[in-house]
Amino acid sequence: MLKFLTNYIFGVLANLGEVINFILEVLGNVLRGKIRLAEILKQIYEQGLQSVGIVILVSLASGIVLALQGVVVLSRFGAKEYISSLVALSLVRELSPVFTALVFSGKAGARITAELGSMSVNDQVLATRTLGVNPIEYLVVPRMIGCFLVLPILTVISEVAGIFGGYLIGVYEANISGVFYINQTFKAIRFVDFYSGFSKVFFFSIIISWVCCFQGFKTKGGSLGVGKYTTQAVALSYIWVLVANAILTKIILSIWG
Amino acid sequence: MIEVKSVSKSFNGQVVLDNVSFNIKDGEIFIILGESGAGKSVLLKHLVGLIAPDKGKLFINGIDVGSLSERKLLDLRKTIGYLFQEAALYDFMNVYENLAFPLKEHTRLSKKQISEKIKSILQLVDLEGVENKFPSELSGGMKKRVGLARAIILDSRVLFCDEPTSGLDPIRSRDISDLIRDISRKLNCTTVITSHDIENSMRIADRVMIIKDGKIIALGKPKELEASTNSFVKEFVL
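Going down the list, the sequences are from chains A and B. Following numbering that gives the first Met the number 0, the numbering of the first sequence begins with 0 at its first residue and continues without gaps. Following numbering that gives the first Met the number 0, the numbering of the second sequence begins with 0 at its first residue and continues without gaps.
Worth flagging that the hints you see were computed from the coordinates, not collected in a lab. Note that the structure is predicted; figures quoted are calculated from it, not measured. Virtual Cβ for every residue (Gly too), placed ideally from N, Cα, C. Be careful, since some hints might not be right.
[Claimed, not checked] Residues of chain A placed beyond 10 Å of chain B at every Cβ, according to the derived structure:
#1 Val72
#2 Lys106
#3 Met118
#4 Leu125
#5 Thr129
#6 Leu130
#7 Val132
#8 Ile156
#9 Phe179
#10 Phe185
#11 Ile188
[To be verified] DSSO-like cross-link-like pairs, simulated, lysine-lysine; straight-line CA separation at most 27 Å:
#12 B:Lys54 x B:Lys214
#13 B:Lys118 x B:Lys71
#14 B:Lys103 x A:Lys41
#15 B:Lys44 x A:Lys217
#16 B:Lys54 x A:Lys217
#17 B:Lys211 x A:Lys219
#18 A:Lys41 x B:Lys142
#19 B:Lys44 x A:Lys219
#20 B:Lys111 x B:Lys71
#21 A:Lys217 x B:Lys24
#22 B:Lys185 x B:Lys110
#23 B:Lys54 x B:Lys222
#24 B:Lys142 x B:Lys44
#25 B:Lys220 x B:Lys185
#26 B:Lys56 x A:Lys41
#27 A:Lys186 x A:Lys106
#28 B:Lys116 x B:Lys185
#29 B:Lys222 x B:Lys4
#30 B:Lys54 x B:Lys77
#31 B:Lys214 x B:Lys185
#32 B:Lys185 x B:Lys111
#33 A:Lys217 x B:Lys71
#34 B:Lys54 x A:Lys41
#35 B:Lys185 x B:Lys233
#36 B:Lys110 x A:Lys41
#37 B:Lys77 x B:Lys185
#38 B:Lys24 x B:Lys44
#39 B:Lys118 x B:Lys103
#40 B:Lys77 x A:Lys33
Chain B extracted, bound-state conformation (with noise of 0.2 Å):
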């Protein structure tokens, strides 16, 4: 369970989350859609403590982010999956490297246990035999494939995406959203996915938070929103 209290935050004067509160129930997939700029990547900052708010709180399974020291928040961090924009994998790292190094540095697994289990996870992203290649030589999509592989790779149970589908052209967006779904079903994980993509967003979602200059503007199930009077989010969700 996610629970977000009266968070605000701004930074050199502008707003940027004001007074934002809502509820994630566990195995759920939320999307908080929203322009650029509207305060979409910083909430999700927030959620993994990588920024503090000004006001409010936030808990991930009862655990307030914002009292918890650096080395705890690394510690609850082993617990959530996080999937940059970008994908953010070390260039310096192959494919291989890459989802090697969490398994390594919070494992006991053997390098043969490793190995096996960077190849299931690689057929559960769909994208095997590229182990050995390095990050600027794959696609914007392959990327964002093994950047997923990367994030559920320790189990973990709670899934933040930062627009996961920004930069691909329509079919690999598809692709991406219901690789999305589908891994967090089957894992039941917790997912929360920050998007300016409607379709993607309303089809894969199981509720869709729409937020404009740091405010809420609608929370519900996709149904829901698609029949809201309210002139903003008609505009934006139809």
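So here's chain A without its partners, still in its complex pose (with noise of 0.2 Å):
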């Protein structure tokens, strides 16, 4: 049991070693400058492009359900006029962040950890280093840039989509003339709901993209291997995200409110 226990804890220790390893030589790359323009427009071009479809569908339909909701719960109270500031406030402050970053993981993600894991167990990112090429430097980097560049983007692709979700259910369900809606939209969000969100899509981009990166450069085991990582990374990422956020959230509420 002890031998167990000892050894259960030296394997902890030694994955976190390799954990910490490898985001310091990806750091040290970019400090260096070894960042590679052409292969990080590649990457935000992939990522951003498999992503922009599936996010812009979950923010509609968040939107339109909290609209919905909204009608239910506000109307009791004689105040459906504030669904607009109901349904911009939840998304920009808090559902857009995490449900983008939830869906890239599932999308870009997956296909990070896919990619890199298959080329492992073909003795390609072997072959990078018998080429005399850091695949570091030419695999993960570009794709961790690509990452932390293209969730913010989509973040803001899915608060519009969500807000134009609620749009639809404000106007054509609630009765809520147009312009008042968007007026009390812009009204209801001031810079700090913003950016108090926004900021923590920051945070998930590299938790998304160590974990995917790394799961992917870990893999063995061949097609099974990688079916078996890419799954992991998905799941560890989803963890990590929402352990993020609840800190993130913590944090940010303490220092802006």
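Two independent chains are provided; combine them into the complex using the hints.
So this is what it looks like as structure tokens:
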């Protein structure tokens, strides 16, 4: 039992060391200016294009559901005019950053792990080293920077799509004037609301790209391994995004309220 | 000159290389033979610093591979060609892009010069007109030829080939073996090949080393090994 526990603890510590070493190597490359612009643009295009459709769909649906529920609840208090504020604030402060990060993990994050994992099991990562090229610089840094730049853009798109979903219900279901709805939305969102949600996205992007790239690099065991590590990467991204969200929300609320 | 001095390596307590020592002369075709799991590929990976030995040292042209930092290792690898068992071509690049990659990374050649170099290297490996094909559209033998072309495109003087004939039919195996021998002679490369293809190995090698359970069982010219009295060597070679 003691031996099992000792082995387990050493295993966890060794894994933690690998994870930290991995991100330090990425940072080292970034700080030394080992940044490949063409590869980053390719990643922005691929990751963004792959996720934008589903992000819009999820956000639109969330905006619609929020507004539908809002109409029912707020009408009880004779305050259905505030639907726009409810939808906008919920999306901008919380829902859009988190939903976008989760959707992005499932689409672009899974793709990153599957790509790198497939390269690992087919010796392409090793081949990169034997060709005298650092695979962290060539394969990981562009994916991480791409993710860091794409996720905030997707979050803004998500916020706009969600607010549009709420607008559709507000105008066609609750019979609120369109101009009034838009005015109320802009009135409701203060700058602090926007950046308190938006600032989380940068942390989420680091978590997702770090987890997914690391899992991809660690992949072994052929095609079965690619499936296993990809699923693991998505699950771990979800967990860490949700844990980070709870911590960041507490910190942000204690700073900006 | 490649020198391997008393190299040992274990994975999870299992000995893969056990106090292995040998030298490879410049321009020599040196083949490491052995059964699957004998430690051949591990030995090759040690030579390019992809795996560090538990004990012992490896030198390539006088450079102690184990003493190099990762950055210096990357520089050393630019001078070494490495052909992987399954060629390890980038599957998101076509043949032209796969071959252009090391040239773009390590040379200042213009687009025209890169294009000419790729044309000539594809001629050298008897594979013309496949520039726009992706690895998934190539046969096993064609992939190995492209892998070989990529391994020598930087005019490397040291060439490592990991099981270059595995998965190929006897005719393709013979073709690839002959091609490696011809290219090695033409470019005067020091070539190290791991294989379990005895017939082709005995035909093209200058010297052959047989390893079993991480230990050297025999080392010498093909004819010397054919005359060996060691029962394992006799069983393996004949």
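Results for each hint:
no. : hint                : verdict
1   : Val72               : holds (50 Å)
2   : Lys106              : holds (18 Å)
3   : Met118              : violated (8 Å)
4   : Leu125              : violated (6 Å)
5   : Thr129              : violated (4 Å)
6   : Leu130              : violated (5 Å)
7   : Val132              : violated (5 Å)
8   : Ile156              : holds (27 Å)
9   : Phe179              : holds (51 Å)
10  : Phe185              : holds (44 Å)
11  : Ile188              : holds (41 Å)
12  : B:Lys54 x B:Lys214  : holds (14 Å)
13  : B:Lys118 x B:Lys71  : violated (31 Å)
14  : B:Lys103 x A:Lys41  : holds (18 Å)
15  : B:Lys44 x A:Lys217  : holds (18 Å)
16  : B:Lys54 x A:Lys217  : holds (26 Å)
17  : B:Lys211 x A:Lys219 : holds (26 Å)
18  : A:Lys41 x B:Lys142  : holds (26 Å)
19  : B:Lys44 x A:Lys219  : holds (17 Å)
20  : B:Lys111 x B:Lys71  : violated (30 Å)
21  : A:Lys217 x B:Lys24  : violated (37 Å)
22  : B:Lys185 x B:Lys110 : holds (26 Å)
23  : B:Lys54 x B:Lys222  : violated (32 Å)
24  : B:Lys142 x B:Lys44  : holds (21 Å)
25  : B:Lys220 x B:Lys185 : holds (21 Å)
26  : B:Lys56 x A:Lys41   : violated (42 Å)
27  : A:Lys186 x A:Lys106 : violated (34 Å)
28  : B:Lys116 x B:Lys185 : holds (16 Å)
29  : B:Lys222 x B:Lys4   : holds (25 Å)
30  : B:Lys54 x B:Lys77   : holds (25 Å)
31  : B:Lys214 x B:Lys185 : violated (32 Å)
32  : B:Lys185 x B:Lys111 : holds (25 Å)
33  : A:Lys217 x B:Lys71  : holds (24 Å)
34  : B:Lys54 x A:Lys41   : violated (43 Å)
35  : B:Lys185 x B:Lys233 : violated (32 Å)
36  : B:Lys110 x A:Lys41  : holds (21 Å)
37  : B:Lys77 x B:Lys185  : holds (20 Å)
38  : B:Lys24 x B:Lys44   : holds (19 Å)
39  : B:Lys118 x B:Lys103 : holds (15 Å)
40  : B:Lys77 x A:Lys33   : holds (18 Å)
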